[in-house]
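Trainee: Sequence:
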Amino acid sequence: MRIEFDRDTCIGMFQCVYEWESFKRDEHAGKAILEGADEVEPDRFVLEVPEGEEFNAEMAARVCPVDAITLYDDGEQLIP
Numbered sequence: 013m014r015i016e017f018d019r020d021t022c023i024g025m026f027q028c029v030y031e032w033e034s035f036k037r038d039e040h041a042g043k044a045i046l047e048g049a050d051e052v053e054p055d056r057f058v059l060e061v062p063e064g065e066e067f068n069a070e071m072a073a074r075v076c077p078v079d080a081i082t083l084y085d086d087g088e089q090l091i092p
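Just so we're on the same page, our numbering is the position in the sequence shown counted from 1, plus 12.
A hint or two may mislead.
Claimed, not checked - Restricting the straight-line Cα-Cα distance to at most 16 Å, the calculated cross-link-like pairs of lysine to aspartate or glutamate (EDC-like) are: (1) 43 / 20; (2) 43 / 79; (3) 36 / 47.
Claimed, not checked - Across the chosen pairs, the derived CB separations fall in these ranges: (4) 40 / 88: 33 to 43 Å; (5) 67 / 36: 10 to 20 Å; (6) 39 / 87: 28 to 38 Å; (7) 37 / 67: 33 to 43 Å; (8) 48 / 21: 17 to 27 Å; (9) 88 / 41: 10 to 20 Å; (10) 74 / 37: 12 to 22 Å.
FYI, nobody ran anything at the bench for these hints, they're computed from the structure.
For glycine and all other residues, C-beta sits at the position ideal for the given N, C-alpha and C.
Assemble the whole structure, with the sequences as input and the hints as a guide.
Mentor: The structure is reproduced here in structure tokens:
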């Protein structure tokens with residue numbers, strides 16, 4: 013499972029932070045950070061979801077009010 017985070021779209025509601033510990037608050041920028049992710053293009057980050065953390069990653073994606081988080085499994089987009 014892979015998660016993609018569009019930091020430019022993020023509006024800093026930080027709901028993802030409460031759902032999955034891989035997301036952290038960046039108070040200075042007013043946006044979330046996806047720790048351990050690779051920046052594949054400016055402000056777009058990708059991370060392979062560690063085994064056992066799929067549910068939390070899914071919940072983080074579901075609660076994002078601006079759909080800045082996309083979840084994929086075997087190449088198929090699950091969320092949003």
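Trainee: Indicate, hint by hint, whether the structure satisfies it.
Mentor: How the hints compare with the structure:
1. 43 / 20: 8 Å, holds
2. 43 / 79: Satisfied, since the Cα-Cα distance of roughly 14 Å is no more than 16 Å.
3. 36 / 47: Roughly 7 Å between the alpha carbons, so the hint for residue 36 and residue 47 holds.
4. 40 / 88: 33 to 43 Å: 36 Å, holds
5. 67 / 36: 10 to 20 Å: At roughly 19 Å between Cβ atoms, residue 36 and residue 67 fall inside 10 to 20 Å, so the hint holds.
6. 39 / 87: 28 to 38 Å: Check passed, 35 Å falls within 28 to 38 Å.
7. 37 / 67: 33 to 43 Å: Distance hint for residue 37, residue 67 is violated at roughly 21 Å.
8. 48 / 21: 17 to 27 Å: Taking Cβ atoms as reference, residue 48 and residue 21 lie about 20 Å apart, which means the hint holds.
9. 88 / 41: 10 to 20 Å: 31 Å, violated
10. 74 / 37: 12 to 22 Å: Holds, at about 19 Å.
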